[in-house]
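Trainee: So the sequences go chain by chain: A and B. Going letter by letter, the first sequence gives residues 1 to 125 in the working numbering. Going letter by letter, the second sequence gives residues 1 to 108 in the working numbering.
A portion of the hints provided could be inaccurate.
Said to hold, decoys possible - One side of the interface only, derived from the structure: several residues of chain B facing chain A at Cβ under 7 angstroms: (1) Asn34; (2) Pro44; (3) His101.
FYI, nobody ran anything at the bench for these hints, they're computed from the structure. Every value quoted in this text rests on a predicted model; they were computed, and no experiment measured them. Glycine included, each C-beta is placed from N, C-alpha and C at the ideal position.
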Amino acid sequence: QEQLVESGGDLVTPGGSLRLSCAASGFTFSDSYMSWIRQAPGKGLEWIAYISNSSDVIYYADSVRGRFTISRDNAKNSLYLQMNSLRGDDTAVYYCARDTEFYTSGPPTDAFDIWGQGTVVTVSS
Amino acid sequence: DIQLTQSPSSLSASVGDKVTITCRASQLIANSLNWYQQKPGKAPNLLIHSASSLHSGVPSRFSGSRYGTDFNLTINSLQPEDCATYFCQQSCTTPPWTFGHGTKVEIK
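Excised from the complex, chain A in its bound form (with noise of 0.2 angstroms):
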């Protein structure tokens, strides 16, 4: 069935990096767009970074800019998050999600219709 799993989240101190990965199954990885989105502990969910499909198309979050790497390797079917500069506000449960878009009426919209099952990770000295 279509799934994804991510990995590499640990407990890093501040100002250290980190790369996460998500495997992806089930589904033609090279025609999918992808994100990462993290939720704080006890909080809500933000979406961070976005890849198109060939990866000519990349967007991050203000909070992450600068800071975060994501990429692809279609050849692998696998997303990837290179964290560097980490932040105690960086702290969460980050999430790899498929982003589909839908056609309906009018302009298509772009929904997370598959998510993985997350992978923490703890910033602090």
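Here the structure of chain A is known, so what remains is to put chain B in place on it, guided by the hints.
Mentor: Leaving out everything else, chain B in the frame of chain A:
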């Protein structure tokens, strides 16, 4: 950035009740509004996309509607398994895409 104001932040209702959650966008976003359900310790699941289209496999007691910049998620006949937090999310034009702060639904 487009802001989403979700209300109420929490509610308590009985099994069988009709429940409505509202999400107000800070500007016109056409029908680019989605709803998700998240249970404790789990990833969110897509319920409604494009303001009113039921995602595949979602029970028909869930429905969505739009009135200008106001969007509603309605649960007809609340069930025990609907105990969860519900988030709205906008995807108008290009990112940043934003989420509402969530509505926690509890069963009386």
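Trainee: None of the hints should be skipped; say for each whether it holds.
Mentor: Structure-based check of each hint:
no.	hint	in the structure
1	Asn34	4 angstroms, holds
2	Pro44	6 angstroms, holds
3	His101	5 angstroms, holds
Violated hints for the displayed structure: none, as all numbered hints are satisfied.
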